[in-house]
Every structure is written in C-alpha cells, then in structure tokens.
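Protein chains: 2
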Amino acid sequence: MSEKYSVIGKNVHRVDGTEKVTGTAKYTFDIVLPNMLYGKILRSPYTSAKIVSIDTSKAEKMEGVYAVVTAKDTIHKKQGIWRRFPELCDEEILCSTKVRYIGDPVAAVAAIDEYTAEEALNLIEVEYEPLPAVYSQLEAIKEDAPQVHDGVELNINVTRHIEWGDVDEAFKECDVIREDHFVCSSQAHMCMETHCAAASYSYDGKLTVWASTQASYYTQVLLAGMLGMREGDIRVIKPPVGGGFGGKFELDSAQFCAALLSKKICRPVRIVLTREEEFTATKRRTPIVYTSRIGAKKDGTILAKEIRGITDGGAYTGMGATALYLTGFFSSFPYKYPNYRYDGYRAYTNTEPTSAMRGFGAPQAVFVGEQQIDLIAKDLGIDPIEIRRINGMVPNYEVPGQAFIQSCGLHQCLDKIDNYIKGRGKLPANRGIGVAAYGFMSGGIFNWFDTPYAFSSAIVKLSIDGKVDLFTGACDIGQGSDTTLSMITAEELGVKLSDIRIHAADTAICPADLGAWGSRETLMNGNACKMAAADAKRQIIEFAAAKMGVNIVHDLDIRDGWIYLADRPERKVSYYDIVREAIRGRDGETIIGRGHYTPHRKGMISPAYSFGVQAVEVDVDPETGKMKLINVVTAHESGTVINPIGITGQLEGAIMMAGGYALCEDQPMDQGKILNPSLADYKVIRSLDMPKTEIIEVDTYEPEGPFGAKEAGEGLTNPTAGAIANAVRNAVGVTITSLPITPEKIFMAMQEKKAKEKKAK
Amino acid sequence: MSEKYSVIGKNVHRVDGTEKVTGTAKYTFDIVLPNMLYGKILRSPYTSAKIVSIDTSKAEKMEGVYAVVTAKDTIHKKQGIWRRFPELCDEEILCSTKVRYIGDPVAAVAAIDEYTAEEALNLIEVEYEPLPAVYSQLEAIKEDAPQVHDGVELNINVTRHIEWGDVDEAFKECDVIREDHFVCSSQAHMCMETHCAAASYSYDGKLTVWASTQASYYTQVLLAGMLGMREGDIRVIKPPVGGGFGGKFELDSAQFCAALLSKKICRPVRIVLTREEEFTATKRRTPIVYTSRIGAKKDGTILAKEIRGITDGGAYTGMGATALYLTGFFSSFPYKYPNYRYDGYRAYTNTEPTSAMRGFGAPQAVFVGEQQIDLIAKDLGIDPIEIRRINGMVPNYEVPGQAFIQSCGLHQCLDKIDNYIKGRGKLPANRGIGVAAYGFMSGGIFNWFDTPYAFSSAIVKLSIDGKVDLFTGACDIGQGSDTTLSMITAEELGVKLSDIRIHAADTAICPADLGAWGSRETLMNGNACKMAAADAKRQIIEFAAAKMGVNIVHDLDIRDGWIYLADRPERKVSYYDIVREAIRGRDGETIIGRGHYTPHRKGMISPAYSFGVQAVEVDVDPETGKMKLINVVTAHESGTVINPIGITGQLEGAIMMAGGYALCEDQPMDQGKILNPSLADYKVIRSLDMPKTEIIEVDTYEPEGPFGAKEAGEGLTNPTAGAIANAVRNAVGVTITSLPITPEKIFMAMQEKKAKEKKAK
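Which chain is which? The protein sequence lines are A and B, in order.
Each residue of the first sequence is one higher than the one before, counting from 1 in our numbering.
Each residue of the second sequence is one higher than the one before, counting from 1 in our numbering.
Keep in mind that the hints were calculated from the coordinates and are not lab data.
Don't be surprised by glycine CBs; every beta carbon is placed ideally from N, CA and C.
Please note: incorrect hints may appear among the correct ones.
Reference excerpt, derived from the structure (chain B facing chain A, CB under 7 Å, subset only) [unchecked claim]: (1) G9; (2) Y203; (3) G228; (4) E231.
With a Cα cut of at most 20 Å, we get these calculated SDA-like pairs of lysine to any residue [claimed, not checked]: (5) K496(A) x R235(B); (6) K264(A) x T18(B); (7) K26(A) x R235(B); (8) K142(A) x I156(A); (9) K496(A) x Y203(B); (10) K496(A) x E163(B); (11) K206(A) x P703(B); (12) K206(B) x R14(A); (13) K298(B) x R235(B); (14) K20(B) x D204(A); (15) K20(A) x K496(B); (16) K20(B) x G23(A); (17) K206(A) x R235(B); (18) K264(B) x W448(A); (19) K547(B) x P452(A); (20) K336(B) x R235(B); (21) K206(A) x R14(B); (22) K26(B) x I31(A); (23) K206(A) x H503(B); (24) K20(B) x C266(A); (25) K206(A) x K26(B); (26) K547(A) x T18(B); (27) K78(A) x W448(A); (28) K206(A) x I382(B); (29) K26(A) x I382(B); (30) K206(B) x C266(A); (31) K20(B) x K142(A); (32) K26(A) x D30(B).
The following block holds chain A by itself, in its conformation from the complex (with noise of 0.2 Å):
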C-alpha cells in the first residue's frame, strides 16, 4: 500500500473498449425492434419562407408508408431547453406557418424501410411563399434587417453583460491600450454517428426511447414536455454513442420525429439522420464576432479588459444563450483583470441554428483573449510567458461577483512550457512556437430545467461475492465517463475496477445526471458515485469492525479487497467474505450505498475549474502561406489525474477538434446554403495530418472533486487555435485575426506586410 490510489492514476482499459473494439457493441442505429418502421424528415429547401399549405395524402396512399406527421400532430408547443424562460422556447418541432432555414424540419415519414420512406417526403406536398431571409449577425442586426422571428427587435434574440470593477477609469490609468478585431468561424460537430433514434410507443401510453444523446435525462423530460406526456412514462436509453462534441445535448428532430411517428402508430420507429442533414439540420458552433480593447501598465500588469461579442445564432435559440454568456465569461480566463466588461449580443439570422459544441464559447474567446495578450506583450517589450505569469490567476482566486477558483496550476504550467520552449532553443527560418493559456469550467452549474433532481446521483448495489453494480445517469459519449467513474467506485469502496459494472444513462434503471456537458461528468457524477461508494463502504465496514473487535478509536478502510485498521493495515479481513456476512446478518437486505452531489456556495457557473498552456509549433511555407503543425505540446492541470490514458485521448481528440477549427474547418455558406455539407468537402484533420503530440500532467488538488480531480475533456479545445496564430505570428510576422487560419489568408498577410515593408523602406 505504499502508492496512494491503487485504481485511480493508473492507465487502464476502458471499461466498453472490449465490446468496441470486438464489434459487439450496439449503437443506436444497430438498434432493431420488432415490427420496427424507418423514419425520414422533410425538411425546407428555403432559408426562410411562409408555409401556404401541406398536403401529404399521396405519401399517405403510398404503398409501405404507414405514417406521416406534420405540425398538425404535434401540441404545438415550442421547445427549448430553457424551461424558465418561455421566450427563448421558439422551436417548432416541424414547422407550422414558416421555415427559418435550410433544413428546417417540415414533415415526417415511417415506412417499411428507409428507401421508400426517402421516396415518400417526394410525394409530400408543400407550398411555400419565400420571405426575405438573413444571412449574417452583421447584417441581421441593422434596422431594416428582414425579421427571422416576428417582434424580436433588431433580431437580437438574447444579450449578456458581465462587468466588474470600474473599467472606463482603469483604462485612463493604463499606459498601453490596444483593440482588435476578430471573426470566429463556425464548425460541425462531426460525429462519426449521425444523429439517430429509435422509438417505441406502446397501446398502454408507454414510450421507450433509445437515443445517441449526451443527455438522457433531458431527452426525458423534453419529449414529455413536446409529447405533452408524464416524465416517468418515458423510458430514455443511451446505448454507446459514436461522438457529442455538444451537438447531442438538445432534442433533435430524429428523436422527436421518431417519438411523434411512434406514439401516431404504436409501432417502434428509427430514424438516422443522414451525414448532409447532419452537417445541415443539426446545430453547429457558434460564429462570433468581437472587438476586444485591453489596457495595461507598463511593468505588464493589465488594467482592464473590454470586449464585445455578436454571435450569429441561426435561427434558432438552442443553447446559444449560454454559449453567448460563457464567451464572455471566458473572455476573462485565465486571468486576473481587475476591472473587466463585456458585452453580448445574439442574433437570429436564417442559417443552421448555433449551438453548444466543445468548449462552449471559450474557443472562440481564447483564439481573441491570447492573440491580444501576445500583442499587448509585444507592445510593452514583455515576454509572453512572462506577461502571463504577472497576470495568471491563482489558487484562491475569486472572479469578481462571478466565480470562485480554488485549485489552480496555471503557474506551474506556465513554468513547464517555459521550460520546454528554452530547451526547443533557436528555431529555423519560418518556424514559430506559440502558446497560449486557459481555464475551463469543471461542470456548469446550469439549472435550465429548473430540476428537482440532484445535478447527479449515484447507486452502488453489492452482490453478495463482492461484485458492484454502479448505476449513473452519467452519459458516456466516448469521453470515457463509464470508466473514470468505475474507477472512482473502485478506488473508493476499495475493490478492483474489474469488481464493477455500470449501468448508466438509461432513466428508467439509473438515477438522473443532468448528462455530459459543461464539463460535467468526472466532478459532478465522481462526486455521487465516490458517495455512494463511501456510503456502502461504511455499511460494510460496521461489520468488519465487529468482527475484528477493533479498538473504537481506530479507523477501517477498505483497499484492494481488504478491510483494515487505517494506522495498522497488517490487522484486516477480506472485503468479500465481509459483504456475504454482513449481507447474511442484515437479514438478507442487499447493500445499496447512495450518493448524489450538486454543487453549493459555488456561485452560479462551476464548481471548480482546470487550468493549461499550450505550445504549439508551426512551420509555414514563405511562397503559399501553407502552414504545418509540427508539434503540439500541453501542460495540463486537471487536480487530480483519474485516468491518465484517458486524458490522453481526450488531448489528441481536442488538438484534432481544435486544430480543425484553427485551420480547414468551416461551414461556407451561399446564401444560408451550407456549401460543404459531405464528408468529402467539409476537411478535418485526419490521423496522417497530426502533428506530434505530448502532455505534460501538473497535478493539483481541487477539494470540491472526486480525490481532487477536474475535467480534462472541452478545456483541452481551448488553446489550439489561439496558440496557433500566435505560432505563426512568431514564425512569420503576421497576425491571423479571423479563423479559419488558412493559407490564403497567411499568404496575403504575407504580401501585405511586403508591401508594408518595401513601403516603409
């Protein structure tokens, strides 16, 4: 017993891998139900346009078809997650009297088999009247802007406002002060599992859901709400889910189609969204557009920060709210300005509705935020580590009236990638290293629903040899939450991870977790499940204390399955000869231990929160513009490491994300047209495009986490882009100030700062 953890720390097998990488493993859309029908969406073909008129009696004589849905069969309510405000509740499940934008979800179709349901949505009817449409925040914004949203003024659909101090005075004091333009792009998810469910509707007004969701308890309650059914008559199923990234959060039209055709028919219904519907009709990150003014005193210390954002929100609410606030909360991290305003604004525009995706507006505002700390750097002569260090937050920290930070390693981060860009030395002609910093929340405390429920729960049910069975609302969406959270019951409760099972995110068997977003998961269900594990132990550790005639004085706990004395580990019994006693003694009763955790005196954003810097180094082409990453290399603080292969993963898969959005990543449109919405035109970074890529672990411990532990999952998303533009900053000279950073744009930054040059000379 001489390690600390003997679970936890370790690089273990994931928990699902062996059903993954065997096959066996069964995703929604291998899901097959009796008597089960194929589902397909009409969706509108104009960014906006008035509904004259449906007609679908022709897919309806259609041979095969057995259902078709409309607005008409739905309760005409308009869903959002946003319970409890109404106002931000503006979509329309199929639309009724108008379409909004290109994919806009008109009518539904269950048939015998996809083919003829695809044939079907050809034989539905519908008369449009085109309306004026908006493509742009920019636009959608000026006063004679054609209204996406009838009555919402100037199309700004929400706004935000963060301040503190007193920022117009500061800036007076500041000896340096400088604003920036920046423009974000947008991105796809991408998951390689489109968007998919299968539903079953029962005679006796029972609806089974199985769904590739991050949520399954909001997908609960959102298709009670929009069925206008009861919560618990309602069964969610996440089976395994080929990637979230956020986009899987909300309800979709493929769950909600499938539930309104199932519920129309009583018969099960899957409907898998194709890869262009998935690039068209789902949601997608938010673009933003900002001007950021920042001042600081000569010595490096920064005064204030003022920064504006207009977000285009497509034409749809989502969750583009929060994304609108957390970019300016965001804006701020990681560091300690003392007087600091921003301001947000959302506009409607007829596009594919902006949403959550990974890293929820802090993308964006890092790209801003370490682009402009560099160049404030170089206008005060200070290095960009070093600018950093004077300014970094600390342990303890509070951000004013918003957040407060207890553990925090930017320091020691900063100090590793220090290090390491001293030792990279001088480099070659057209090659830069450029950092940048973050923090990220560790679990939003964000109560849309105005749940009654504990933002997560637990259950730990012991057989009598010793076994667990671990039930969680907790969805894994391939960020590996089943194991990081198997793990912290093992660790806690003292027995092998191979002891535990766990059944998660099916609402019906599992108490509710409010599912994997904000960073959740590891924090918020490590904590209810390291409580129930705690709370069983204490059941089991009665009996060993019995029987082992301790001293009261002496503490017992419980490691590798043995039950011993805490200061005298020689003196123990056997945890699973003592579960059998103990179970035998309490008459037979199972143990259930229970734990559930939502944060308190946390203020109203996280619990807790990560922290890293990032270095990544580029080469870039002096004759194209073209850039290579070269290597990337990330000092990550996330408290305590759970499972250190997982956080691997987890930072090859953000640089991956990350660097896409930095580099080829992009949603062009015509018009509101998405013009790449396939595989083959919308370019990610692929495995043979990865640059090098290495994690320096700084460990910490956050006393609000599970044995100190943090998130480790959107955070890592942070820094790419924003660091990349600082690398090729370095390299090359010239500053990227809108994403994506791509070779034509270097290129004629390049030739610009020639001009610039032989202009001066």
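Following the hints, put chain B in place on chain A, whose structure we already have.
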C-alpha cells in the same frame, strides 16, 4: 374511498399484456446478438453406457463450426441445486465417463446456423460400451438391479421420513382401517417455449445470459459454480418466458452449453431445445408408487395414516428430494391427522430425471389421499363432504412439528361446494360428481443454496412526477407475477397501476429473489414490494405532514394519488406534487424505498397455506369407458385476492394441466425410451376439450401475506386428478388407482365390476 382497496381485488390487464398481444414481447428465443452463433447438443442414444472415447475432430473441422465442447471443457464438477449436500449434486453438464439415460448430454457445438450445428453433431464420434439398465423404481430397488450411480445402495438416492403421534397405537383404536395402492404416472411440463438460452461471454471475463428461466438468480449462482466464475461476473436476464411449470427452475443444458460454448470462443451462442429434447432431455413430473393405510373411528374421525411412497427418480437428483418430501408432507393435507407416518424413497433409474413440476408432489398425494378419504367415508357410510368437515384443517392449526397454519378457509370451501353439489340435484345415469380438498404452501422455505440474501427483495425508485420504477428479482414466467407485484406496490403507495413500471429478474439491476417456484412470488415477493412501497411512502408523508401542518397525532396515508389524513380524508394534498417537493427538499436525492422478506418463525416449509375444494362432474360412456369432463367448480381460498382474473387464468390453466395429468398426459417408455416425444403424440387437453369451469372465491385474510394474500398458482393443480377419480367412482362405481385414468382402465374396471356382481349374484 368507500372500497377497501383501489387497485388490488380489481380485474386488471396484465402489465405485460400489451407487448404479448401485439407480438412485440421478445422471448429468449427471439434474442439475436451481434456475431451470434447457434448451438446444438449431442445426446446419449443409450439408457446406460460407458463412454469409451469422444472424437470431435471432424466436427471441429467442418466449415461453419466455431466450437465443440465436451466434458473436457468443464471444470469437472457435478451440478445440483443442493449446495449444502454435495452428494446430491450428481449431474454432469456434459457426461465424461458414463451416460445414464437417453438424452444425457455428451457434447455441444456452436456453428453459424442451427442446421450446420445439427450436421456437426453427426460428425462427433462417440464410442459407447452399453451397460445394463433399469427402468422403474420397483425394479431399481431390487438387490441385483444394475447400478445407475456407483456406490448408491439399492439405487436409493434419498429417503424421507415424516412422523408424529403414535401411529401404531392409533391404528389399534380405529374402527375401520383400509390399505390401498396407487400408481402416479409422469407428465411433461409442455411449455410452449422450449428451454433456451443465449449466452455472451466477453473478453473481459464477464458473462451475460438471457435465459428462459424461473429463477434468474439461481441460474446465476449455478452457472458461476459450474463455470468456476464469480457470481457477480455473471448477469442473468429473464426475458418474457413461455411457461415454466417447475421445469425451468434448475440449470438446464441449453443454459449451460450456451455459456460453455460462448466462454470458449468469446462469441454469443444461443441454444433452443427442440420439442423432442424438451420431452426427453429436460426433467419431468415424478412418478410415484404409494401404499397408504388409513384408520378412522365410526364417527368419521380419522386417527391415523401411514403412507409409503417410492418415486422414480430417473437418472439424477434434480429437485427430486424435495418432491419426495413434499408428497409425504402433503399426503397429510388438508386434514388434522393426529398420528401420521410417511416413508419415502427415491430410486434412480435409467430414465429422464424427474423433478419439480407444478404442485411438486402434491397432485400425486391428493390423488391418493382424496380417493382414500372417499373410500373410507364410503366404508363408514359418511357423506364425503362431511368426513372432510370432520377432519379438515382449521385456522391456527399446527401440523405437529412441521408447520403452522394461520388462515385456513377449508370449511368455507367445503360449504360452498356442498351447496353447489346439492344444487345440482340428482344426476343422470353414468354421471358423477367427485370432490377433492387440498391445501398448498404459499412460498417454500427451502434455502437449498444457503444464500445469504433475503428470500425476496424489492426496490422502488420514484421519479419527480411520482411515477415508480419497481425492481424485483421475482420471475414472471407467464403466471402474472409482474402484474400482481405491480398491483401490490401501487396499492401500498397509493398510486395508479399505470404509474408502476416493473423491472424484474435481471440479476444485475434487480435485488435477488429466489425465483418462481413453491408458489413464492405473491406472498414473499409481494411482502418485499409492499415493504418497499411503504418505505417510500414514509419518506413522502414526512413532507406532506410538514406542508399540511397536521397535528402529529394524525396518521397520513396515500390513496389514488392523494395524501390524506387517515381519519379526515377530506384534508389532502396531491401525492404527485409532494414527491416533486420532497425530492427538491432533499437536495435532489431520488426517493428510494426498500423491502425484503424472509419468513421467520414459520417452520421450515412455508409461511402460509392456501386451501380449496374442487368438484368435478364427469360423464362416462358405459360402453367404452370414455369419459367427458362436464364441469369443474372450485371453491378456492388464497387469502385476499389481488387480481381476480389472474386467479381465473391460473385455475383454467391448472384444470387443463391437472385434467391432462388425470386423463391423457403420460410418457410411456419402451426400455427407457419415451415413445411420444412430440406434440402430435403427447396428448393434452386443448381449449376445445375444456370443461366449463367456475371459481368460487372464498375470502380469508392471511396475516403473513401482503394485504392478506396467499398463493393461487400451484395449489389449483392439486385436486383435479383425485376429484376426477372420485367422480368416476360416483358415476360408474369403479375405483381407478393409477394415472392416467384412461377409457381402457375404466372399461376394464367396469368389466371386472360386472363380472364380480355377476359372480356375486
């Protein structure tokens, strides 16, 4: 709230009714898993033979064959349910050195489809050396009989002795004594779904088994024992089951071979027994030869009974020891024999093993006992109902040293049937009514496994909208326990039946229950469910009491969704609202209620007993002996009736099954080979052959049962054979002492009677 109960006592649709009538229920044989293979079992063609060698090489090489297993692949342990008595665990899963009956499993194959697996069986070369065999219990116990198991003297597998009072002395005081001999035959369970299982062993050492079983927990335990695994690494799931009737309690070859094959190759394997295997290679009802001696005073008081039963055990023990015991115990039912002696012997033979089947020794005992009581009544000149009144059990009667009977409605049942018979008036010639009285246990207190778990456990989990998830290990095998237990839970918690969703018999998610045997589920698991609901209710009522500000002397209860003052029901709050508030108040912790039940201070047989009297009217063709069942009227007493229509279903099924046992079902053998192993040749009573049936419910209240309820499943199979025999005697004056009561036997008996009468003249 005028009626006593809101849910129980009402005729309700089965909770699994919808899925069954719409064809969406997925039985085990509907299970298809990714990469699944299909298994077949090679069985002995000999009744007794030494296995000289097994060569599987040709089968292994066949295309499409993925695995072949023989005894070499097992851990060389013998299985059986009597974990505390290793000598009774005598059955190899795959025979290693000897086969003992036609059907004994020798090898199993997993292949790409059933046809390939079947063909591969033909390629397995087994060299046998035939041995002498023995085919009936009376032959088996002879000194020079071939030995079925080495070292078992006289082939006597087990003996059972029950005795109280002083039988020999009591016989001396009797005015009338008679001794009779009876022979009870075999019967097949005839489940519509044959034995089947799908097993999936994964590379990480976990096994999941979907099994058509009466006891998923015992399947888990037995598989663990036989595979050398820990119980907790095995998950057994019971899908809907197409009938069990006692035949799907033990581990069967489908389950074991599927698991063994899957474990060998880490691929899912499904095995579904053919109908022929179902008839010849599972288990069957125990044939018994009885000698019964009974003595009474002139006034009809029976003073003593002495009975000997020799059962044909077939090749292995199975549950045979319990059948042997129970036929002795129930031979004393439902009468207050002051002096009683039973000697039972179970003999091994080279035939399909005999074991548990609905009634479990009692239908045989009732066939014997109820004829004999009619016969002695005739000897004494006492009315058959009257002699039963004189000797019938009464409430709070103790079977000396054996059992304590609390509720007992036998006399009310006798009165009802007496009235009914009197109402029928004088019957036409060759018609007769026979009666049989019976009692049965309501939950066997047999802990063969020495499990430390409570016999029954239940957990309820409440959604914020008041809907209930009920978790129980109870096994609905078609008898309707899912419905009964949901009703009990709904009643206790004061909600609607549709508010309950039951999750049953999945060992990973449900607390343990010993399964569906010994008429356990209503009383034992019903108690656990009631306690779990009461536990949840208590937690909710706390918040209601606080909200209502009630004087603490008041009691609150819940009914029909209202929480109300027990003595002022007009003061009430909504249950559904309070659940939401309570969860919110408890920091979001889900409300969970727990219950568990193990009988205490109720002896070693059962905590309660059901009773009844059945009258069967038959019409016998005097020319041919052909008999027709005209109608069957049953006065049944099972305490408080939970689901009346459920009892009607049980009654009709029982009459069909017990009537079949009486009239036509049999498994004739030629040298140990069953001659009728097909649905074409095995004759059962079909729906068109059914007599009119009527049930007269006699309400009693069983203090040990949930809401006063007792069993209504097996007891009903007890009386019919005996009542029919008595009816035949009443119709045409002949006594048939062996089953089945065929036209031939009646005809021959009538011939003999005529001859005797002729001779007497």
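Open item on the list: Can you verify the interface hint for G228(B): is its Cβ closer than 7 Å to any Cβ in chain A?
Closed with: Where the cut-off is 7 Å and the nearest Cβ of chain A is about 13 Å from G228(B), the hint is violated.
Open item on the list: Against the 20 Å threshold, does the CA-CA distance of K547(B) and P452(A) hold or violate the hint?
Closed with: Given that 20 Å is the threshold and the Cα spacing comes to 17 Å, the pair holds.
Open item on the list: Against the 20 Å threshold, does the CA-CA distance of K26(B) and I31(A) hold or violate the hint?
Closed with: 13 Å, holds
Task: Given hint E231(B) near chain A, where the shortest CB pair must fall under 7 Å - done: 5 Å, holds
Open item on the list: Can you confirm whether the C-alpha distance between K206(A) and R14(B) stays at or below 20 Å?
Closed with: 14 Å, holds
TODO: Please work out if K496(A) and E163(B) have their alpha carbons no farther apart than 20 Å.
DONE: 52 Å, violated
Task: Satisfaction of hint between T18(B) and K547(A), Cα-Cα up to 20 Å - done: Violated, at about 51 Å.
Open item on the list: Just to be careful, I want the Cα atoms of K206(A) and I382(B) compared with a cutoff of 20 Å; is the pair within it?
Closed with: The given pair, whose Cα atoms are some 59 Å apart, is violated under the 20 Å limit.
Open item on the list: Can you verify the interface hint for Y203(B): is its Cβ closer than 7 Å to any Cβ in chain A?
Closed with: Hint on Y203(B): holds, closest Cβ of chain A at ~5 Å, below 7 Å.
Open item on the list: Just to be careful, I want the Cα atoms of K26(A) and I382(B) compared with a cutoff of 20 Å; is the pair within it?
Closed with: 70 Å, violated
Open item on the list: Can you confirm whether the C-alpha distance between K20(A) and K496(B) stays at or below 20 Å?
Closed with: Violated, because 41 Å separates the two Cα atoms, which is more than 20 Å.
Open item on the list: Holds or violated: K26(A) and D30(B), Cα atoms, limit 20 Å.
Closed with: OK: K26(A) and D30(B) at ~17 Å, within 20 Å.
Checked against the numbered hints given earlier, this structure breaks hints 1, 3, 10, 11, 13, 15, 16, 17, 18, 20, 26, 28, 29, 30, 31; the rest are met.
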